[in-house]
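Asks: Listed in order, the protein sequences are those of chains P and G.
Each step along the first sequence adds one to the number in our numbering, with nothing skipped, and position 104 is 104.
To convert, count from 1 in the second sequence and add 1000; that's our numbering.
One or more hints might be untrue.
[What the hints assert, rightly or not] Once the Cα atoms are required to be at most 25 Å apart in a straight line, the calculated SDA-like pairs of lysine to any residue come out as:
1. G/K1014 with G/S1074
2. P/K182 with G/Q1506
3. G/K1047 with G/D1003
4. G/K1059 with G/I1125
5. P/K182 with G/E1611
6. P/K193 with G/A1339
7. P/K193 with G/A1457
8. P/K182 with G/N1332
9. G/K1193 with P/R213
10. P/K182 with G/R1270
11. P/K59 with P/R89
12. G/K1438 with G/A1457
13. G/K1193 with P/I163
14. P/K587 with P/E516
15. G/K1182 with P/S260
16. G/K1182 with P/F326
17. G/K1182 with P/V319
18. G/K1193 with P/S335
19. P/K182 with G/A1457
20. G/K1193 with G/E1611
21. G/K1182 with P/G268
22. G/K1438 with G/A1339
23. G/K1193 with P/K182
24. P/K182 with G/K1014
25. P/K438 with P/F326
26. P/K182 with G/A1339
27. G/K1182 with P/E516
28. G/K1193 with P/F326
29. G/K1182 with P/A639
30. G/K1193 with P/S260
31. G/K1182 with P/I163
32. P/K193 with G/V1553
These are calculated hints, taken from the structure and not from any lab test.
Protein chains: 2
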Amino acid sequence: MTDLPLVIFTPSGKRGHFPVGTPVLTAARQLGVDLDSVCGGRGICSKCQITPSYGEFSKHGVSVAPDALTEWNSVEERYDRIRGLPKGRRLGCQACVQGDVVIDVPPESQVHRQVVRKDADTREIVMDPATVLRFVTVAEPDMHEPSGDLERLTEALQAQWGIEAVTVPLSVLSRLQPALRKGGWEVTVALHKGHRDTVHRILDIWPGFHEGRVYGLAIDLGSTTIAAHLTDLRNGTVKASAGAMNPQIRFGEDLMSRVSYAMMNPGGDREMTLVVREAIDGLARDLATEAGIEARDILEVVFVCNPVMHHLLLGIDPVELGQAPFALATSNSISLDAAELGLATLNPAARAFVLPCIAGHVGADAAAVALSEQPGQSDDLVLIVDVGTNAEILLGNRSRVLACSSPTGPAFEGAQISAGQRAAPGAIERVEIDPVTKAPRFRVIGSEIWSDEEGFAEATQASGITGICGSGIIEAVAELRMAGLMDARGLMGSAAQTGTERMVPQGRTHAYLLHEGPDGRQILVTQGDIRAIQLAKSALYAGARLLMDEMGVDTVDRVTLAGAFGAHISPKHAMVLGMIPDAALDKVTSAGNAAGTGARIALCSVAARAEIEETVRRITKVETAIEPRFQEHFVNANAVPHATDPFPHLGRVVTLPEVNFNTGGGAESGRRRRAR
Amino acid sequence: MTDLPLVIFTPSGKRGHFPVGTPVLTAARQLGVDLDSVCGGRGICSKCQITPSYGEFSKHGVSVAPDALTEWNSVEERYDRIRGLPKGRRLGCQACVQGDVVIDVPPESQVHRQVVRKDADTREIVMDPATVLRFVTVAEPDMHEPSGDLERLTEALQAQWGIEAVTVPLSVLSRLQPALRKGGWEVTVALHKGHRDTVHRILDIWPGFHEGRVYGLAIDLGSTTIAAHLTDLRNGTVKASAGAMNPQIRFGEDLMSRVSYAMMNPGGDREMTLVVREAIDGLARDLATEAGIEARDILEVVFVCNPVMHHLLLGIDPVELGQAPFALATSNSISLDAAELGLATLNPAARAFVLPCIAGHVGADAAAVALSEQPGQSDDLVLIVDVGTNAEILLGNRSRVLACSSPTGPAFEGAQISAGQRAAPGAIERVEIDPVTKAPRFRVIGSEIWSDEEGFAEATQASGITGICGSGIIEAVAELRMAGLMDARGLMGSAAQTGTERMVPQGRTHAYLLHEGPDGRQILVTQGDIRAIQLAKSALYAGARLLMDEMGVDTVDRVTLAGAFGAHISPKHAMVLGMIPDAALDKVTSAGNAAGTGARIALCSVAARAEIEETVRRITKVETAIEPRFQEHFVNANAVPHATDPFPHLGRVVTLPEVNFNTGGGAESGRRRRAR
């Protein structure tokens, strides 16, 4: 046994013996205890606050004397006077070990343990951001040993932080000399090192100690919507989130129509590149304003997106993605200056990182889902469906992961639907239809009250009832089927056939009246709406089946619905509709915006960037566009399941009425038409 | 002895045995014979042309049979038909060894042996440019094994050229897919790898085989003039050279007045940065036009300049260079995108390299002189003086190299001189004054005829006689002293004192009439001109003396005059004037524009870039501005040597007349006033 004092850290439980006089911060570092420090132990940043405990600790087998640490010193006194230290706290860089001691590291001093909170579950990731702040003291120039200010800063970073080499953009180099002099040869620098970089890059410099304001943007760039999360790179917390429509919609609603636009219009790809970059820049500006931060403090941005969005973001003509063999210009992840993407709102030296693509039709968004959901770490076979205008589908477990994408179109996002709209206050998001009376009840976004409950009118007065969003139309179609108003092929009956005046004639077809406003404005579910949803769900289902074929399985253990919209889908209705393969209802969960979460993880961790590159290499890519079985599955998946389908998994047993609204032609066979 | 055929290459004499069927190019590579190839042995580039010799070679001890190489094949035939092969030539990649053979590598097929021609001597450097062209065949995309086009290009570069990793700017990435398809999966790429880079950068891409057009600019950015050399990066030859005045002159003639301008005028540094960048861009445009090349084919630019020019080029406020301790923002060499310097004329992805600075007053131009003249490789002690508005002075040999700079001002470049002008046609560049008649004779730039020779009037009719350039004023002042018209302190005598009407009164002083035109316009050497030259030469001499003090020597073995202007100085007159320390006249040589040569060497060789960085670290920097002995030397050097000075080295013995034109005050002592 050594005679040296024993130092025990809680909550980690790490312990070790250290010489008398060892600063607590030094002991923590040597033991690998997660204790923050930005100023490098100079008593400036106060990030290394700790709480010593005194007395008997039978659990740890130590007795801590009142003089187990050195006395409160002048640095701590000054800090406490100027900025205040909570009672009982010491600065870990100032308090030195004198005897056995138990030291608690409060959560705010633990920088590396962070939780990325997702909608449905939480997950812990190790903070390992590419961009960090470092406070450093630089030697003054000496005429007799001339060297540049940058070279002395580099030496200081080496000596004080172990940074081997740095590069500096001109925009920072030109501010280096005034910053050093204004800061009295103490400066804070923002350092960036991506997972493939060999040197650090100085992104910004501030005189003196710059309280940690360093932010990043995680952006999920979808065909229809752009979602951005302003994230504090010190601890991974989201300061603000915002979404916007992708302005490229005016060039085409789905990916292929945008590719066509680029093919048919010289310079069309440049147009689309410009508008989406402007929209992203605007989002960044809005987020900075909302969070009350300087946009200059945004030092990094991470993108996930499908391949066409990826190419258009980077300014690459996506024409090759519109035709076999669907060759990506580049599939690896990309690191570049955000300024190259025209993101002028951010710090001029801000960096951008774009996750790798998996294949010509399976993009960085799918990679981000894989990063967030980690199918390759799953013991059971999980099907992950990221629902959007283009669906990304992953199927796998520890042994193998497959991926494909499926062109569902924008119907699931409320587009191509007669009363469709974005998920916003006033949109119908939940629907039930009484199987007996055929009357609907619904809920709109912004209120928890059902339309047949008291207070509904008041609760929806402000927003109105403006349309149906994606989850609403899915529930409406599934409920129409369950209420016997729609047959297995997706045909709705007339008022006479169904016995309800809710069915109103519309040309040669019928529509279901979901709601009529006081002004007479009707919200209908039309036969065209049902066709659009059928096409979308068939594409989704066919993609999933294709992967199951490839894996050689008929069932999956779990289904995860992802995507901003996936989070809101009712698993029961999705299954009635035949969007996803059958699974036990309690095994169908939502992962929220998994792609966005993947972007945030990559923003917070360079290790995760390396991980996803490796993961992407191991994923087996399946190309739906050239696979004959995809068409076959697609056609077979068109039906909405028949009465002979049991739904034992659906909590309650749902028996679908055996109706047939065929208005002519051959009889519909009762045979199950879905693929096996 | 092996039975394998013996292959002997001339002129290198390298030899080795190779299996029958070995391509000549392969044999050359294995032996380290310098045989070019751009296309990687595909018979496209024709760079590997060789000339086989047949018959008896007693010198080499071999007999070469007519069938020593495989027969002329279809690739060679096609090449010869389309582009033509000189008689007797073969393509080294096609012709294969069948028996003992002697193969001559013609000079144009030897890429790595290149001569950088300097004004006074030639020097061989190994071509090792950072930027090269590479032809490569890329695998076509495969839908079932999806990978990006860039990733397949990268694999091809690895397999075909051993390039480990590449990065690609967006501007190139966006052109990658069309280039690959247009070129039928064959492309030529311009690759760049600086001496500190860990990966290659793709600067440009062309479909198919792109005949080697890859150029660089070597730029010597001086306070007064900018000199640029457009260089072929394939072989180091200069395609065109051009010079321009530095437009910053309007903000101040010398460095310190420009620093003052920046200090006194907010944004003044930005103004100066903008005008010099524009001037450089204009020079690049002019050079491309003159050489008949596309400016887009200029892929690299190398700069040498003094520290103030260095900072202003990079957009760094030079204020710190105007005051002790003269701290540079950065002293190391810098690699960056040329676009960051606003050089929009060049290729959008062109790279820029700025040589390292030695100290706050000793810049990248001095580093370039060290790279060109290599004082550290000299056995004897060499003094190198790069004469300009700011003089860079190096003193050293194998054991030690010292450097300083000295603020000579622009007098040596014809500025601050009453009839001074740039070195251009019409400027008086050579002067002699008859010691007896006191009459002058001179020569002007653009004519070899002296003014007292027949045909002078005709020869100078076009240019006229417009003024005196730097070398002319130096000769004039030295000749005035030798003719007894000026005393040791630099005072000129009156017509009465000197006995010649050439001396004309000018206020309280006298001026020497060098020339009077038919229109009565006079070119005079005034007392003010002499004072300006005295100040300049004193500064230069004092700097050299300071280094000699530091080295502990009284004499040097050799003197090298460098600088665009240094090349034109008459060593004899420089020594009479006391510009430089005494040395044997045949030991005073000109190195031409050594800084510009250094820039060209750095442009042609990454190894040279590493070398100069290492050299600069080893050079001892001497700061003239704070060294009291500099002032002392400066004051002592003011005199123009007295009659008691012997000039045994000057070829003929020059005896300076003992005159004294003191117009009052204390008697001038005959003691030599120059420092010892």
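Asks: Determine which of the earlier numbered hints do not hold for this structure and return their numbers in increasing order.
Replies: 1, 2, 3, 4, 5, 7, 9, 14, 19, 22, 23, 24, 25, 26, 27, 28, 29, 30, 31, 32
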